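Number of protein chains: 2
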Amino acid sequence: MRVFIAGIDGYLGWALAQYLTARGHHVAGTDKFLRRAWVDEMGSVSAIPVFSIEERLAAFEKRYGRALDFRAGDLLDYAFLRSYLADFQPEAIVHLGEMPSAPYSMIDQEHAAFTHNNNVIGSLNLLWAMRETCPDAHLVKLGTMGEYGTPNMDIPEGFFEIEFRGRKDRMPFPRQANSFYHLTKVHDSNNTMFACRTWGLRSTDIMQGVVFGTQIDEMGDDPALRSRLDFDQCFGTAINRFACQTVIGHPITLYGTGGQTRGFLPMRDSMQCLTIAIENPPAKGEYRVFNQFEECYTIEELALKVADAAGQVGLSTEILHYDNPRTERDSHYYNPDRQNLIDLGYKPSHDVVAEVKIMLNDLLPHRERIMARRDILVPDIRWNGDRRRSHVINQTVTSS
Amino acid sequence: MRVFIAGIDGYLGWALAQYLTARGHHVAGTDKFLRRAWVDEMGSVSAIPVFSIEERLAAFEKRYGRALDFRAGDLLDYAFLRSYLADFQPEAIVHLGEMPSAPYSMIDQEHAAFTHNNNVIGSLNLLWAMRETCPDAHLVKLGTMGEYGTPNMDIPEGFFEIEFRGRKDRMPFPRQANSFYHLTKVHDSNNTMFACRTWGLRSTDIMQGVVFGTQIDEMGDDPALRSRLDFDQCFGTAINRFACQTVIGHPITLYGTGGQTRGFLPMRDSMQCLTIAIENPPAKGEYRVFNQFEECYTIEELALKVADAAGQVGLSTEILHYDNPRTERDSHYYNPDRQNLIDLGYKPSHDVVAEVKIMLNDLLPHRERIMARRDILVPDIRWNGDRRRSHVINQTVTSS
Chain Y
183 MRVFIAGIDG YLGWALAQYL TARGHHVAGT DKFLRRAWVD EMGSVSAIPV
233 FSIEERLAAF EKRYGRALDF RAGDLLDYAF LRSYLADFQP EAIVHLGEMP
283 SAPYSMIDQE HAAFTHNNNV IGSLNLLWAM RETCPDAHLV KLGTMGEYGT
333 PNMDIPEGFF EIEFRGRKDR MPFPRQANSF YHLTKVHDSN NTMFACRTWG
383 LRSTDIMQGV VFGTQIDEMG DDPALRSRLD FDQCFGTAIN RFACQTVIGH
433 PITLYGTGGQ TRGFLPMRDS MQCLTIAIEN PPAKGEYRVF NQFEECYTIE
483 ELALKVADAA GQVGLSTEIL HYDNPRTERD SHYYNPDRQN LIDLGYKPSH
533 DVVAEVKIML NDLLPHRERI MARRDILVPD IRWNGDRRRS HVINQTVTSS
Chain L
183 MRVFIAGIDG YLGWALAQYL TARGHHVAGT DKFLRRAWVD EMGSVSAIPV
233 FSIEERLAAF EKRYGRALDF RAGDLLDYAF LRSYLADFQP EAIVHLGEMP
283 SAPYSMIDQE HAAFTHNNNV IGSLNLLWAM RETCPDAHLV KLGTMGEYGT
333 PNMDIPEGFF EIEFRGRKDR MPFPRQANSF YHLTKVHDSN NTMFACRTWG
383 LRSTDIMQGV VFGTQIDEMG DDPALRSRLD FDQCFGTAIN RFACQTVIGH
433 PITLYGTGGQ TRGFLPMRDS MQCLTIAIEN PPAKGEYRVF NQFEECYTIE
483 ELALKVADAA GQVGLSTEIL HYDNPRTERD SHYYNPDRQN LIDLGYKPSH
533 DVVAEVKIML NDLLPHRERI MARRDILVPD IRWNGDRRRS HVINQTVTSS
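Chains Y and L supply the protein sequences, listed in that same order.
Per the numbering used here, the very first residue in the first sequence carries number 183; after that it's consecutive.
Per the numbering used here, the very first residue in the second sequence carries number 183; after that it's consecutive.
Keep in mind the hints are simulated off the structure, nothing from the lab.
Note that this is a predicted model, so its numbers are computed, not measured.
One should not assume that every hint holds.
[As the list claims (entries may be wrong)] Here are some of the chain Y residues that sit facing chain L, going by a computed Cβ distance under 8 Å:
id: 1; residue: LEU306
id: 2; residue: PHE342
id: 3; residue: HIS369
id: 4; residue: PRO405
id: 5; residue: ASN543
[To be verified] If you want the ones that stay clear, here's a sample from chain Y, every Cβ over 12 Å from chain L, calculated:
id: 6; residue: HIS298
id: 7; residue: SER305
id: 8; residue: ILE344
id: 9; residue: PRO354
id: 10; residue: SER361
id: 11; residue: ALA465
id: 12; residue: THR578
[To be verified] Covered, in the sense of this in silico footprint (three residues per stretch, anywhere, with C-beta under 8 Å from a C-beta of chain L), are these stretches of chain Y:
id: 13; segment: 288-296
id: 14; segment: 332-339
id: 15; segment: 347-353
id: 16; segment: 563-569
Even for Gly, the Cβ is constructed at its ideal location relative to N, Cα and C.
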């Protein structure tokens, strides 16, 4: 299948290009290398060294025996996007080309506006370019479980049947996102649903949980094929950040009680799920939503799993609670569905500790890179618009 | 009360500045004159002549005995917006500074992207500027009844209590907008709700029906104080367009069956309602939604009311049905609430025919301006991205 990946140089994009190619798909993609620039702006680097795109492409061709069709460019450059899609004629498009950080979007007006412009207009351009050049292609759009927020009821997959004042309808499930980043994903979801209904496009909108992990098996041993792995407060997601903290002996930084519950999944599950979506396209005009995660955990449960894995590889761990820089509930009901992917064959890996042990072993050779940035491991971007570093409010006692 | 109006040179903004000033409020505002440019781009003009801003401001000061605090500028220019709000220190901000046309947003990628940039980033900037300069001010934000779409159930005012799988919560009512313009309003609503919850801003989000009418009593006889009145396919809304068609003997252009049902209100009701919202602010941190319309009508009912009014002023009318350039249901359930404004004292005017007679009399002296653009009265912007003029499919027989 001909698959186009927007954001192919990123954390998931680079892995997906390899996973799909190893399965025999023909992959093309674009990137503007913004993730590299954003992490640099945060005063950080990827814990796993990231090679230049030229080195990545050369290693890719060597391992997979076929070149990756890559053009550097920007989804905001409509003429570029349109002509690339017209040339490649994808059957599926995976949209990973968005700014993915909640704290980054909350820094100030400039970052909030940038996030809206980059994500919402970029995604809008993709819809128009599909309509004009490849209207039968299948858009696999990355949303986030964070679009739903934490309502006091089960979270279905995008839609639900409800009754109100004696009348029934199938309605989109209300979204209550909790950062400007998450809101841009809601905006994109609404625009995509409309484009499917009005133009007959087809899309799978992936409400993905938080991804963690340093690798997938396909990457092999060539360091140029490895994914990036961020640990700064903006682009380091919970488990990835905790693993990086652990390998340098820094306390694991929980925000508030750590009782926030979210869906999580290892990178290998994310690859499996995205591929299931790609290989099982919806009907023309259909807009469907998949909730995509392995399981739900509280952040504190995950910290304890990281501590468990750390103990098994001979590292000791301290878990500290910091005053929460975000405005969010840290104790709430949370029960999202994820049946659509299971029905299509998704087999959740169900072993966070084993995955974290792989991560810790991958990260240990790169301790110096993290150690050199240890002063940025405690967050200072606050949801109220201030910039103030969080302080320790409590400690979780672990057995290790 | 100190009231800031974004979009003060527009159809509603110019009227509201006068209505509020006549009631003793201190009004300031900004505009970038984009509405004038957009209508020009559509090959049209306002049926009622629009005077230059200098002439408008001079006439304003003469009639109301106090100058209007006006600065030309753009909500996308954050430094300008921030410093104007910091200087004026408004108690209320009425946000009328958005591109308000569904067909304009559907023309092509460029117009859809422009609409998103102008509306979503402009509104986002307003939220940030409020947080930084006047966090206690009350944002009266103009949404649209079109945010809700046409669900098969009653439409509450923004929120509803529902039960799903045995659990209850108060949730935002799902939005199913039907053009990129309407979607930008949904995006703005979501962003505003978040800013109230997270930053403690206060906002009344007005889901307004379609406004019609040429004047409010406060404007008096000075032509420089009159509102614009558009009749092109993008900026001419249903009744306004029908009235302009009628005064030149052009058929009234219904789209499809004309069975689409919407909430409508005369400009004088819009002024009354907005003022009620302004003078009854919500609590700090509160985000409330008002559905704002006088009554719901089908488009065909309204065309018949225009024909009735036309007969009373000696004009004959023909009502023709054209193939619908939009993708929308033209037969559907529609029963929105509008109790919040009634509870605060809104008295619906309930006489569309009387209002249309005023309009026809205001428009008759300007027949030549409309007649000169009679070739643009039938729409050609289609929801599928094509540009093709609609053709007649049917005729409604009227008594006149």
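Consistency of the hints with the structure:
For Y/LEU306, the interface hint holds, since its Cβ comes within 8 Å of a Cβ in chain L; the closest pair sits about 6 Å apart. Checking Y/PHE342 against chain L by beta carbon gives a least distance of about 6 Å; that is within 8 Å, so the hint holds. Annotation: interface hint on Y/HIS369 holds; nearest CB of chain L at approximately 4 Å, less than 8 Å. The restraint placing Y/PRO405 at the interface with chain L is violated, with a minimum CB-CB distance near 39 Å, outside the 8 Å limit.
Look at Y/ASN543: its Cβ only gets to about 39 Å from chain L, farther than 8 Å, so that hint breaks. Against chain L, the non-interface label of Y/HIS298 is violated: not every CB pair exceeds 12 Å, the least being about 6 Å. Non-interface status of Y/SER305 relative to chain L is broken: a Cβ of that chain comes within 12 Å, the nearest being about 10 Å off. Once the 12 Å rule is applied to beta carbons, Y/ILE344 is inconsistent with being away from chain L; the minimum gap is 6 Å.
The beta carbon of Y/PRO354 sits about 4 Å from the closest Cβ of chain L, which is not more than 12 Å, so the claim that it is off the interface is violated. Non-interface status of Y/SER361 relative to chain L is broken: a Cβ of that chain comes within 12 Å, the nearest being about 8 Å off. Every CB of chain L is more than 12 Å from the CB of Y/ALA465 (nearest about 18 Å), matching its label as outside the interface. Every C-beta of chain L lies more than 12 Å from that of Y/THR578, the closest at about 27 Å, which supports listing it as non-interface.
Interface restraint, the segment 288-296 of chain Y with chain L: holds (5 residues with C-beta to C-beta distance below 8 Å; minimum three). Counting residues of the segment 332-339 of chain Y whose C-beta sits closer than 8 Å to any C-beta of chain L gives 5, which meets the bar of three, so the coverage hint holds. Using a Cβ-Cβ cut-off of 8 Å, 5 residues of the segment 347-353 of chain Y lie near chain L, which meets the minimum of three, so the contact claim holds. With a threshold of 8 Å between beta carbons, the proposed coverage of the segment 563-569 of chain Y by chain L holds, since 3 of its residues qualify and at least three are required.
The structure fails hints 4, 5, 6, 7, 8, 9, 10 (numbered hints given earlier, in ascending order).
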